[in-house]
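Here the protein sequences line up with chains A and B, keeping their order.
Residues 1 to 113 in our numbering are what the first sequence spells out, letter by letter.
Residues 1001 to 1115 in our numbering are what the second sequence spells out, letter by letter.
One thing to keep in mind: the hints can contain errors.
Facing chain A, a subset of chain B residues (Cβ under 7 Å, in silico) [unchecked claim]:
hint, residue
1, Leu1043
2, Leu1090
3, Gly1109
Quick list of in silico lysine-lysine cross-link-like pairs, BS3-like style, CA-CA up to 30 Å [said to hold, decoys possible]:
hint, chain 1, residue 1, chain 2, residue 2
4, A, Lys105, A, Lys3
5, A, Lys69, A, Lys3
6, B, Lys1057, A, Lys3
7, A, Lys105, B, Lys1057
8, A, Lys105, B, Lys1013
9, B, Lys1057, A, Lys52
Per the computed footprint, the stretches of chain B lying under chain A, defined by three or more beta-carbons under 8 Å from a beta-carbon of chain A, are [claimed, not checked]:
hint, region
10, 1044 to 1056
11, 1102 to 1108
If you're looking for bench data, these hints aren't it; they were derived computationally from the structure.
Even for Gly, the Cβ is constructed at its ideal location relative to N, Cα and C.
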Amino acid sequence: DAKTTQPPSMDCAEGRAANLPCNHSTISGNEYVYWYRQIHSQGPQYIIHGLKNNETNEMASLIITEDRKSSTLILPHATLRDTAVYYCIVRPQGGGSNYKLTFGKGTLLTVNP
Amino acid sequence: KAGVTQTPRYLIKTRGQQVTLSCSPISGHRSVSWYQQTPGQGLQFLFEYFSETQRNKGNFPGRFSGRQFSNSRSEMNVSTLELGDSALYLCASSLAVGGSSYEQYFGPGTRLTVT
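Assemble the whole structure, with the sequences as input and the hints as a guide.
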């Protein structure tokens, strides 16, 4: 799997947008970018994923650069409950032995009141 | 729809003992994966089961094993427990019926403490 690089920590003010970057410069053409988050002592929570185009759901938006070497997860209006470790994961298309997720250290996002 | 459930939530065992953890996936999900999370190593993949067959295995010793039943429920077993096995064990399920992408949904985990 391609490796990802994320800042170890970020701060964000409550109500403001949180923009979490991820570098995946060695990503291959058939690899997706996934984002998960883990609130302290809970299981990771799926947020969003994408291949080439920008994606948006009720939780967040995912912006992938044209060359696909980096992406940004955007939480439009961060709340205190968004404080968590955010993981950016690159994974090949489904099938065979490719279903595992390889987690890095992620980014600890702290939302401040 | 009910989420992924794991039992027990907390467990204390002694070195040398064995332990069995259980995971019930989301209804309709056929793939179950197991992960170990420790402060030092982070989240590490253990194995994945689909239709009662192990499809993928991480880099863990043979003391770690698992199985999946016909109803997709899964168990993992750790024999001859060591202090280093103390961790949060997470189970994740997904549809995994093919196609280009899928999402994994995680349970709350089982916190295992080995003394």
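Hints, one by one, checked against the model:
Using the Cβ-Cβ criterion of 7 Å, the hint placing Leu1043/B at the interface with chain A is satisfied: the shortest such distance is roughly 4 Å. Interface restraint check: Leu1090/B against chain A, minimum CB-CB distance 5 Å, threshold 7 Å, status holds. Hint status for Gly1109/B relative to chain A: holds, with the closest Cβ pair at about 5 Å, below 7 Å. For the given pair, Lys105/A sits about 11 Å from Lys3/A by alpha-carbon distance, which is consistent with the 30 Å threshold.
Simply put, Lys69/A and Lys3/A have alpha-carbon atoms about 11 Å apart, close enough for the 30 Å limit, and the pair holds. Between Lys1057/B and Lys3/A the CA atoms are separated by roughly 19 Å; this keeps the pair inside 30 Å, and the hint holds. Among the hinted pairs, Lys105/A with Lys1057/B is consistent with the structure: their alpha-carbon atoms are about 21 Å apart, no more than 30 Å. A distance of roughly 28 Å separates the Cα atoms of Lys105/A and Lys1013/B; the hinted pair therefore holds under the 30 Å criterion.
Taken as a hint, the Lys1057/B and Lys52/A pair is honoured in the structure, with Cα atoms around 29 Å apart against an allowance of 30 Å. Check result for the region 1044 to 1056 of chain B against chain A: holds, 6 residues qualifying (beta carbon to beta carbon below 8 Å, three or more required). Counting residues of the region 1102 to 1108 of chain B whose beta-carbon sits less than 8 Å from any beta-carbon of chain A gives 7, enough to reach three: the coverage restraint holds.
Violation of the numbered hints given earlier is absent; every hint is satisfied by the structure.
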